[in-house]
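All chains, full assembly: derive it from the sequences and hints.
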Amino acid sequence: MTRNFPLGFHIGAATVFAFILPFVVPSEVLATEILIFALAAIGCNLLLGYTGLLSFGQALFFGAGAYFAGLMSIHLPFGLFTVLLISTIAGAAIAVIVGFFSIRRAGIYFVMLTLAFGQLGYYIAFLAEPLTGGEDGLLSVVRPSLTIPFIAKFDFATNTSFYYVTAVTFVMAFTLLQRLVDSPLGSVLRAIKQNEARAEAIGYQVRLYKIAVFAFSGAVTSLSGALYALMLNFAPLSNIDIETSEVILFMCVLGGLGSLYGSILGAVIFLLASDFFAELWPRWMLLLGLMLVMIMLYMPGGLWKSVCSLFARLSGTDDTVKKGGANG
Amino acid sequence: MIYFLMGVGLTIIFGMMHFVNFAHGIYYAIGAYICYQFIVWTGSFWIGLLLTPIVVGLLAYVIERVLVRRLYKMDHAVQILITIGVMLIIREGILIVWGTVPKPVSIPPLLSGVVFFGEFAYPKYRLFIVAVAAFIALALWYLLDKTRFGIMVRAGSENPKMVSLLGHDIDRLFAFTFVLGVALAGVAGALISPIRGADAFMGVEALGIAFVVVVIGGMGSFTGALIGGLIVGLVQSFTSGFWPQGTNVMIYSVMALIILLRPNGLFGRA
Amino acid sequence: MLRMENVNALYGKSHILFDFSIRVDEGELITLLGRNGAGKSTTLSTILGLVPNVDGVIEFNGASLVGMPTHQIAGMGICLIPEQRDIFQILTVEENLQLSIKKGGRWQMSDIYRLFPRLGERKKNGGGQLSGGEQQMLAMARALLNDPKILLCDEPSEGLAPVIVQEIVSTLKEIKDSGIPILLVEQNLKVCEKLADRHYIVEQGKVLHEFKSEDFFTREAIAAKEKYLSV
Ligand SMILES: Nc1ncnc2c1ncn2[C@@H]1O[C@H](COP(=O)(O)OP(=O)(O)O)[C@@H](O)[C@H]1O
Ligand SMILES: [Mg+2]
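Residue numbers (the working numbering), protein chains in the order written: chain A, 1 to 328; chain B, 1 to 270; chain C, 1 to 231.
Rather than coming from a laboratory, the hints here were simulated on the basis of the structure. Certain hints may be false.
Derived contacts from chain B toward chain C, CB cut-off under 8 Å, selection only [what the hints assert, rightly or not]:
#  : residue
1  : Leu143
2  : Leu144
3  : Lys146
4  : Arg148
5  : Arg154
6  : Ala155
7  : Glu158
8  : Ser164
9  : Leu165
10 : Leu166
11 : His168
12 : Asp169
Note that CB positions come from ideal geometry on N, CA and C, so glycine has one too.
This is the structure:
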């Protein structure tokens with residue numbers, strides 16, 4: 001179980017990953033994008049993989065983060081750190097509201113509520129043209145700079161420098177959330193996923209935990225949206241549409257539910273594949289659909305789990321089996 | 001009324017098999033394309049309208065046999081994700097077959113033009129849609145409420161095991177219900193094609209609204225789908241009077257409100 | 001007529017029936033007796049093809065039932081009245097009955113309303129509005145309309161008042177007298193003693209004893225009843 005690994009291991013793993021990534025993928029922009037969507041997929045995984053809540057509103061948090069960051073960078077003199085922090089907090093706040101209402105219903109009605117909130121967000125962004133640019137998106141977003149008083153001032157105009165901003169943010173967020181799912185709170189979430197009634201009976205305030213997990217999910221998803229807007233220098237309306245929710249969901253499922261590493265893998269594979277196929281065969285989404293069906297039917301643990309068990313079989317050690325087992 | 005047709009298909013399938021079909025919108029799109037194709041081949045919209053549900057129904061039958069029947073017992077989340085996969089496959093299939101440019105469909109000459117009600121001009125074709133949808137609603141009501149088949153469908157939605165203990169083939173009943181629901185989406189697509197053409201992405205919005213219709217009415221309730229369709233229609237025409245861009249905001253707000261106030265929709269069972 | 005031989009039945013991994021053998025001959029009324037959880041209901045479900053994992057021999061008039069889908073088994077005239085009665089709550093009484101009518105069956109609607117006048121009075125009521133006794137009547141009426149060649153009846157008297165149990169017993173007797181064999185699961189020994197030709201005593205998924213009704217009060221039978229039926 002990854003739960004048995006010390007925090008240092010996760011920090012190390014994430015750092016190594018973020019350090020190597022730009023050298024193995026075709027471009028730094030793609031590497032940045034991978035880290036950003038890995039965070040978004042992690043946000044989705046917290047809800048679906050750990051707590052069993054299927055949310056169709058992830059794009060709302062993602063898009064909101066993008067708009068917040070974009071607007072602050074255009075209209076307010078905030079530094080990078082402040083912009084990201086406020087976007088994160090705002091995302092958490094929105095998620096708490098969505099969560100508060102959505103979790104009053106279970107099953108399909110829950111999904112529908114998250115979908116309704118997502119669509120509301122979309123149409124509001126669409127209509128609030130003076131603020132969000134409506135259909136054209138929010139243009140000329142600038143990357144704020146980072147000032148360390150009396151010492152230095154960094155701006156992040158180049159793709160390389162912005163990659164490292166993203167990488168540092170990624171490592172921090174990832175470690176924090178890994179810590180979260182390894183904590184007692186994480187076990188409660190898993191208990192809720194397995195059997196909500198029993199978790200309730202044991203005495204957990206299931207509703208509070210669900211709202212909390214929404215808050216974390218909204219926070220990290222919004223953070224990733226903010227980074228995305230800064231990366232593109234642009235916050236398109238499509239950030240907040242249902243297709244974005246589906247893409248995030250897909251990365252999450254592809255990589256594997258119930259493991260943050262799986263979400264990273266999901267983002268890597270998805271974005272590499274779309275980068276690869278985009279020019280080769282524009283209808284590659286057909287494969288995507290096929291893959292989604294196959295994974296759900298035959299590999300409910302996602303790719304990560306398969307990779308783990310393959311690895312375990314090759315090396316013959318028990319260690320990785322356990323690691324994979326935590327993801328099931 | 002198009003929303004009713006979409007919604008009722010969705011709700012019949014959910015009510016009977018507890019199956020959440022996120023691919024429902026794509027059957028609507030493919031209905032429009034197939035109607036278009038028949039018009040290209042035969043030159044007649046009427047042939048298209050008549051044959052589309054049959055072709056879409058056949059497609060649904062194959063999909064039910066190969067895939068969907070394995071999903072009835074699974075979790076709703078799994079059903080949703082898999083049917084999104086199906087949606088992607090069919091959508092990309094449409095784009096491969098018919099290309100990325102949407103196909104225009106013209107209104108049959110018999111129904112072009114407007115009728116006047118006193119001062120008001122109303123397009124003939126839209127009246128035709130309302131009439132067809134009303135006819136289908138009536139036929140469905142008769143089928144579900146008055147025939148032995150309808151009794152079987154309702155019984156199956158409550159307790160499929162007992163239906164098979166009485167000697168009825170529940171698998172076949174499920175397959176038929178799925179085909180019926182999907183064929184209704186196909187008809188809806190064919191009907192709408194002269195208004196908005198055939199477009200691979202037309203299903204997304206339609207699916208969203210169909211879900212609103214069904215959720216408002218209560219998942220699985222036939223009356224609910226009818227009333228839900230009416231409510232959505234009313235909210236739309238009401239809002240478009242003073243805030244035309246805001247109709248979708250209103251529709252989704254109404255849905256969220258109704259779910260929160262009446263957990264199972266207006267006519268849903270627990 | 002109906003024969004199970006060395007049947008093993010499993011729900012998933014849990015093994016419920018072990019080398020289970022019983023038979024029901026023409027015109028007989030047979031009871032399955034045993035504690036809660038002994039596997040009586042599972043036996044009936046197994047016959048109807050509702051248990052996923054079964055091996056052994058199950059035959060009806062020489063035709064093997066193993067692996068046959070439930071609706072076909074039911075179509076052969078093997079009619080189960082489940083323990084929960086499984087009345088369709090959202091259908092009216094009349095619709096519940098209509099669903100099971102078979103053309104050319106021995107009982108038709110008019111016979112049913114004569115046999116169960118109470119159901120005639122309530123035919124427009126929803127299945128969910130019936131009392132326990134009425135539900136049991138409806139379940140039996142539904143079974144008769146289905147033109148059974150053999151009736152499997154799971155604890156018909158469970159949870160019902162003595163007067164109603166009387167009624168049920170006399171209905172069962174009538175059905176038996178009309179020549180239809182019955183396999184009856186029952187906890188109420190009095191009911192069994194009155195009706196049955198033979199008894200099987202079942203414990204932990206195994207058939208432990210078989211008694212003819214005339215042997216049901218021998219010392220051995222009494223001992224078995226005391227041991228396995230907690231009387
Ligand atoms: N659907 C099922 N899945 C798994 N186990 C079951 C199922 N139904 C019954 N059992 C088990 O099978 C055993 C026999 O149950 P049952 O046949 O209902 O007993 P009886 O009818 O004699 O009271 C019990 O231990 C019960 O827990
Ligand atoms: Mg029992």
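These are the hints, each one checked on the structure:
1. The closest approach between the C-beta of leucine 143(B) and any C-beta of chain C is roughly 14 Å, which is over the 8 Å cut-off, so the hint fails.
2. At about 12 Å, the closest approach between the beta carbon of leucine 144(B) and any beta carbon in chain C exceeds 8 Å, and the interface hint on this residue is violated.
3. A hinted interface residue such as lysine 146(B) counts as satisfied when its beta carbon comes closer than 8 Å to some beta carbon of chain C; here the least separation is about 10 Å, so the hint is violated.
4. Against a cut-off of 8 Å between C-beta atoms, the interface hint on arginine 148(B) holds, since the closest Cβ of chain C lies about 6 Å away.
5. A cut of 8 Å between beta carbons decides the hint on arginine 154(B): the least distance to chain C is about 6 Å, and the hint holds.
6. For alanine 155(B), the shortest C-beta to C-beta distance to chain C is roughly 5 Å, which falls under 8 Å, so the interface hint holds.
7. At about 5 Å, the closest approach between the beta carbon of glutamate 158(B) and any beta carbon in chain C falls short of 8 Å, and the interface hint on this residue holds.
8. With its C-beta approaching chain C no nearer than about 4 Å, serine 164(B) sits inside the 8 Å limit, and its interface hint holds.
9. Against a cut-off of 8 Å between C-beta atoms, the interface hint on leucine 165(B) holds, since the closest Cβ of chain C lies about 5 Å away.
10. Taking 8 Å as the C-beta cut-off, the interface hint given for leucine 166(B) holds, the closest approach to chain C being about 5 Å.
11. Hint status for histidine 168(B): holds, given a least beta-carbon distance of 6 Å to chain C, under 8 Å.
12. Of the supplied interface hints, the one on aspartate 169(B) holds, with its beta-carbon coming within about 5 Å of a beta-carbon of chain C, less than 8 Å.
Of the numbered hints given earlier, the model fails hints 1, 2, 3; all others are met.
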